Amino acid sequence: MSDALLSINSLDAFYDDFQALYDIDMSLELGEVIAIIGANGAGKSTLMRSISGLLRNESGQIAFKGASIGSKRADQVAYMGIALVPEGRQLFPSLSVEENLLLGGTVGRSGPWSLKRIYELFPVLSDRRNQPSTSLSGGQQQMAAIGRALMSNPELILFDEISLGLAPIVIKGIYEALPNIVGEGMTAMIVEQDISKALEVSSRVYCLQEGRVSLTGKVGEVSREDITAAYFGVAA
Amino acid sequence: MSMPSVTRATPASRAALFIGLVVLVVLALGPYWAGRADMRLMSEIFLYLALACIWNLMAGYAGLVSVGQQAFVGFGGYMLFALTIFGGLHPVPAIIVGGFLAAALSIPIATLIFRLKGAYFAIGTWVVAEVFRLSFAQIQSLGGGSGSSLPVAIVKEIGAKKATREANSYWLALGAAVIVLLAVYFFLRSRRGLALTAIRDSEVAASGLGIDIWRTKLEVYVIASAFTAIIGGLIFLQKLRISPDAAFSVNDWTAFVIFIVVIGGIGTLEGPIIGTLVFFALRETLADFGTFYLMVLGLVAIVVMLKAPKGLWGLVRDRFDLELFPLSYRVRFPKDEEGS
Amino acid sequence: MIEWVNSIVQGILLGGLYALFAAGLSLIFGVMRLVNIAHGDLIILAAYMGLTTIVMLGVHPFVALLIVIPLMAGFGYVLQRGLLNQTLGDDILPPLLVTFGLSVIIQNALLEIYTADPQKLNGGLIETASIPVGGLAIGILPLVTFAIAIVVIAGLQWVFYATAIGRGFRAVSDNQDIAQLMGLNKAHVYGLAMALALGVVAIAGILLGMRTSFDPSIGAGRLIFGFEAVIIGGLGNLWGTLAGGVILGVAQTIGAKIDPGWQLLAGHIAFLVVLALRPNGLFPRVEH
Chain A
1 MSDALLSINS LDAFYDDFQA LYDIDMSLEL GEVIAIIGAN GAGKSTLMRS ISGLLRNESG
61 QIAFKGASIG SKRADQVAYM GIALVPEGRQ LFPSLSVEEN LLLGGTVGRS GPWSLKRIYE
121 LFPVLSDRRN QPSTSLSGGQ QQMAAIGRAL MSNPELILFD EISLGLAPIV IKGIYEALPN
181 IVGEGMTAMI VEQDISKALE VSSRVYCLQE GRVSLTGKVG EVSREDITAA YFGVAA
Chain B
1 MSMPSVTRAT PASRAALFIG LVVLVVLALG PYWAGRADMR LMSEIFLYLA LACIWNLMAG
61 YAGLVSVGQQ AFVGFGGYML FALTIFGGLH PVPAIIVGGF LAAALSIPIA TLIFRLKGAY
121 FAIGTWVVAE VFRLSFAQIQ SLGGGSGSSL PVAIVKEIGA KKATREANSY WLALGAAVIV
181 LLAVYFFLRS RRGLALTAIR DSEVAASGLG IDIWRTKLEV YVIASAFTAI IGGLIFLQKL
241 RISPDAAFSV NDWTAFVIFI VVIGGIGTLE GPIIGTLVFF ALRETLADFG TFYLMVLGLV
301 AIVVMLKAPK GLWGLVRDRF DLELFPLSYR VRFPKDEEGS
Chain C
1 MIEWVNSIVQ GILLGGLYAL FAAGLSLIFG VMRLVNIAHG DLIILAAYMG LTTIVMLGVH
61 PFVALLIVIP LMAGFGYVLQ RGLLNQTLGD DILPPLLVTF GLSVIIQNAL LEIYTADPQK
121 LNGGLIETAS IPVGGLAIGI LPLVTFAIAI VVIAGLQWVF YATAIGRGFR AVSDNQDIAQ
181 LMGLNKAHVY GLAMALALGV VAIAGILLGM RTSFDPSIGA GRLIFGFEAV IIGGLGNLWG
241 TLAGGVILGV AQTIGAKIDP GWQLLAGHIA FLVVLALRPN GLFPRVEH
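Protein chains in written order, with the working numbering: chain A, 1 to 236; chain B, 1 to 340; chain C, 1 to 288.
Treat the hints with care, since some could be wrong.
[To be verified] The following label-pair restraints were derived from C-beta to C-beta distances:
| no. | chain 1 | residue 1 | chain 2 | residue 2 | range |
| --- | --- | --- | --- | --- | --- |
| 1 | C | G74 | A | L164 | 56 to 64 Å |
| 2 | C | R33 | A | R117 | 53 to 61 Å |
| 3 | C | D90 | B | L29 | 41 to 49 Å |
| 4 | B | L240 | C | N122 | 54 to 62 Å |
| 5 | C | N122 | A | R117 | 54 to 62 Å |
| 6 | C | D90 | A | G41 | 52 to 60 Å |
| 7 | B | L315 | C | I258 | 17 to 25 Å |
| 8 | A | G31 | C | R33 | 37 to 45 Å |
[Stated by the list, open to error] List of simulated lysine to any residue pairs, SDA-like, C-alpha gap at most 25 Å:
| no. | chain 1 | residue 1 | chain 2 | residue 2 |
| --- | --- | --- | --- | --- |
| 9 | A | K197 | A | S27 |
| 10 | B | K117 | C | N85 |
| 11 | B | K217 | C | A276 |
| 12 | C | K257 | C | A195 |
| 13 | B | K117 | C | T163 |
| 14 | B | K217 | C | H188 |
| 15 | B | K217 | C | D91 |
| 16 | C | K257 | B | G144 |
| 17 | C | K257 | B | S146 |
| 18 | B | K307 | B | R319 |
| 19 | C | K257 | B | K117 |
| 20 | B | K117 | C | F75 |
| 21 | B | K307 | C | F75 |
| 22 | B | K117 | C | W239 |
| 23 | A | K172 | A | S214 |
| 24 | B | K239 | B | F86 |
| 25 | A | K116 | C | I165 |
| 26 | B | K217 | C | N280 |
| 27 | B | K310 | C | A164 |
| 28 | B | K217 | C | L277 |
[Claimed, not checked] In silico contact screen, one side only, chain B against chain C (beta carbon under 7 Å); selected entries:
| no. | residue |
| --- | --- |
| 29 | A287 |
| 30 | T291 |
| 31 | M295 |
| 32 | G298 |
No wet-lab data here; the hints were simulated from the structure. From a predicted model like this one, the values you see are computed outputs, not experimental measurements. Ideal placement from N, C-alpha and C gives every residue a C-beta, glycine not left out.
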């Protein structure tokens with residue numbers, strides 16, 4: 001707990017009057033990769049929005065490197081070293097591929113990632129660097145979105161549904177690139193509906209159900225049945 | 001016995017109806033108790049109230065934010081002059097015919113400026129008003145840029161004696177305000193009015209329900225144009241003199257009207273009434289300060305828009321759950337079930 | 001014949017001034033979908049700031065630009081962050097009505113400070129000097145104005161498409177939330193956009209003040225000219241805005257040639273014709 005990179009303490013999150021998260025406790029050690037799984041509407045995206053600052057909460061509910069960030073704006077959180085690969089990729093359509101990547105580097109943190117390194121990781125982006133981001137295929141857009149997040153040299157990277165809407169072969173390619181990313185000592189949180197993909201690369205798992213943590217444990221130690229029960233809310 | 005009933009009326013709305021009727025009777029008797037200056041002021045208040053109700057219908061319900069209503073105020077005024085001087089009509093029918101002409105004219109205008117979205121629509125309406133102003137300034141027989149006065153013979157058709165004339169034009173103003181208020185109220189209660197509220201609340205959802213948004217907005221625009229022109233005719237029947245700059249003044253016929261609606265509460269029927277009263281109270285106390293007064297007005301509008309976007313009436317309504325003009329349906333449970 | 005050619009040339013050059021009115025409007029709409037009703041009054045405010053600078057320091061209007069541009073830009077930033085940012089959202093009413101209120105305040109404040117007397121910025125020799133071109137006398141000031149318009153629009157184009165700030169403008173315009181995730185504070189980005197727009201407004205105001213006399217009431221007319229140039233040219237296209245300004249300017253000078261009373265009317269009619277035939281403007285932005 002004391003050396004946790006990210007710790008979430010009794011987080012309640014709201015959209016106006018609607019409460020989306022209830023009393024979430026979570027912690028993430030430096031260099032760890034964890035999976036957040038849950039059905040549609042379980043609160044996964046709300047959790048991502050809360051951590052990244054798009055949804056602002058009470059200050060002390062989220063701490064990053066010991067500092068309270070719960071009430072900080074998304075741009076302030078980005079400067080502290082958290083990057084989000086948003087669901088649906090969401091590249092900027094008015095910007096070229098390279099401009100999207102450069103925009104990701106706005107915060108200017110130093111670290112291993114640069115345009116050159118991104119292009120080495122995803123060579124296809126280099127070939128299309130000057131094209132509009134809208135001309136990329138879904139998989140290429142996902143690479144650009146990951147590259148854009150990496151450009152800020154974050155200490156914690158959040159992946160929100162990176163396989164959503166992509167062909168299995170494309171998903172495979174992207175997940176094969178993940179070890180290269182987290183191998184740099186980066187801490188990551190992977191949100192997926194596709195349980196098996198997420199568990200392959202993670203060491204621990206949290207399962208969300210109706211806004212609450214319904215299960216948590218080390219990937220090797222929780223059984224498939226436990227996960228199914230925690231995921232769907234029924235005994236398997 | 002314990003079936004809940006659905007109703008629009010509330011105790012407050014029934015009380016409001018009663019008080020409204022009493023006030024109306026008192027106002028209708030105005031010429032018998034009010035002085036000349038008061039009657040002039042009250043006539044002006046009635047006409048501003050009518051303009052505010054119309055603008056509120058457009059902006060607050062139909063999403064048509066116009067800053068060019070002076071186009072139709074001025075048009076109505078000029079039609080009064082043209083139809084009485086050249087057409088030989090009595091002023092009252094001339095004003096009504098002016099309303100129909102404005103309605104006809106507003107259709108081609110709408111097909112053009114409805115192509116502009118949101119705020120650009122607003123400036124488009126302004127351009128139209130400028131075209132009106134510049135065009136009427138070209139008509140030499142109506143005095144060109146310097147304008148003209150209503151001939152005495154025509155003025156006398158409203159009443160041979162000055163007192164009769166003033167009483168008649170007072171009643172015309174009061175009558176017009178009541179008609180506009182009721183027309184807007186019943187329009188909003190009608191099927192079309194409900195469609196309008198649906199559009200305001202969600203344009204996408206409304207089109208999904210099969211509401212022809214473009215057509216509904218057009219209807220509102222045409223009706224609003226006609227009523228605005230009629231009010232314009234009455235305004236210049238009071239003034240007896242018209243010029244392009246006075247007839248198509250953006251400050252007088254649009255800016256003040258917008259302030260009234262914003263301060264009172266946009267998108268409510270009560271708002272324009274409250275706003276008109278506040279506006280005239282401010283004007284009567286601060287008008288001596290000239291430009292300073294206008295700056296205060298601008299500032300008040302900004303503060304209200306930012307801090308209380310539903311206006312003064314919105315503050316009252318949120319606090320007391322009041323609705324004087326019952327538009328929404330309420331589910332009422334019989335007494336014995338209340339609190340259970 | 002030569003008189004008609006002269007009218008057209010004058011109209012083209014006048015279009016440069018209108019393009020300057022329009023550029024700030026277009027930029028603000030492009031970045032934050034805000035239509036600033038007070039835009040014209042801000043142009044007049046800049047002209048008066050120029051007047052005060054010239055009177056106090058005894059400098060040429062062009063030198064006054066060095067003071068008025070940063071002042072207006074700073075005012076723009078503060079105005080955006082202090083007031084206008086709070087009006088932005090899905091509802092179009094708040095920005096519209098707040099800028100409308102602002103317009104009334106600026107107009108009457110100018111009236112209070114400077115009275116309704118017409119004023120002019122004295123540009124000296126440049127106002128009357130002209131160069132003869134094939135039988136025409138082309139005024140230096142209109143020519144310089146047009147050249148400045150081209151430089152300003154090229155400059156804005158460069159900022160938009162070749163700098164990090166411009167990248168930020170486009171990103172925030174595309175998707176505020178995601179831009180915020182990338183470390184862009186949209187409140188700040190919008191402030192910068194308004195600062196840039198009012199910098200352009202400062203240039204427009206000074207050039208307007210040198211060209212014609214002005215008083216506090218004429219802001220609305222400048223807003224309308226700028227707006228017409230934007231719509232004629234096509235939303236979101238800066239070079240199109242210049243073309244729109246030129247078309248408007250030519251329509252006005254030709255109208256004035258027919259009958260002096262027709263100058264403004266002819267411009268508005270040109271705008272309405274374009275709106276009827278090409279609702280998206282003559283040069284709508286091509287998505288790239």
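Going through the hints against the structure:
1. C/G74 / A/L164: 56 to 64 Å: violated, 45 Å
2. C/R33 / A/R117: 53 to 61 Å: violated, 36 Å
3. C/D90 / B/L29: 41 to 49 Å: holds, 48 Å
4. B/L240 / C/N122: 54 to 62 Å: violated, 44 Å
5. C/N122 / A/R117: 54 to 62 Å: Since the Cβ atoms of C/N122 and A/R117 sit about 60 Å apart, the hinted range of 54 to 62 Å holds.
6. C/D90 / A/G41: 52 to 60 Å: violated, 24 Å
7. B/L315 / C/I258: 17 to 25 Å: violated, 55 Å
8. A/G31 / C/R33: 37 to 45 Å: About 43 Å separates the Cβ atoms of A/G31 and C/R33, which means 37 to 45 Å holds.
9. A/K197 / A/S27: Cα-Cα ~21 Å, so holds.
10. B/K117 / C/N85: holds, 21 Å
11. B/K217 / C/A276: Holds, because 19 Å separates the two Cα atoms, which is no more than 25 Å.
12. C/K257 / C/A195: Cα-Cα ~38 Å, so violated.
13. B/K117 / C/T163: violated, 30 Å
14. B/K217 / C/H188: violated, 37 Å
15. B/K217 / C/D91: Roughly 17 Å separates the two Cα atoms, so the pair holds.
16. C/K257 / B/G144: It holds: about 19 Å lies between the C-alpha atoms, which stays within 25 Å.
17. C/K257 / B/S146: holds, 22 Å
18. B/K307 / B/R319: It holds: about 15 Å lies between the C-alpha atoms, which stays within 25 Å.
19. C/K257 / B/K117: violated, 34 Å
20. B/K117 / C/F75: violated, 28 Å
21. B/K307 / C/F75: Status holds; Cα separation ~23 Å.
22. B/K117 / C/W239: With a Cα-Cα distance of about 22 Å, the restraint between B/K117 and C/W239 holds, given a limit of 25 Å.
23. A/K172 / A/S214: violated, 28 Å
24. B/K239 / B/F86: Given pair B/K239, B/F86 holds - Cα atoms ~19 Å apart, limit 25 Å.
25. A/K116 / C/I165: holds, 22 Å
26. B/K217 / C/N280: holds, 21 Å
27. B/K310 / C/A164: Violated, at about 40 Å.
28. B/K217 / C/L277: holds, 22 Å
29. A287: Status violated, d = 13 Å.
30. T291: holds, 4 Å
31. M295: holds, 5 Å
32. G298: holds, 4 Å
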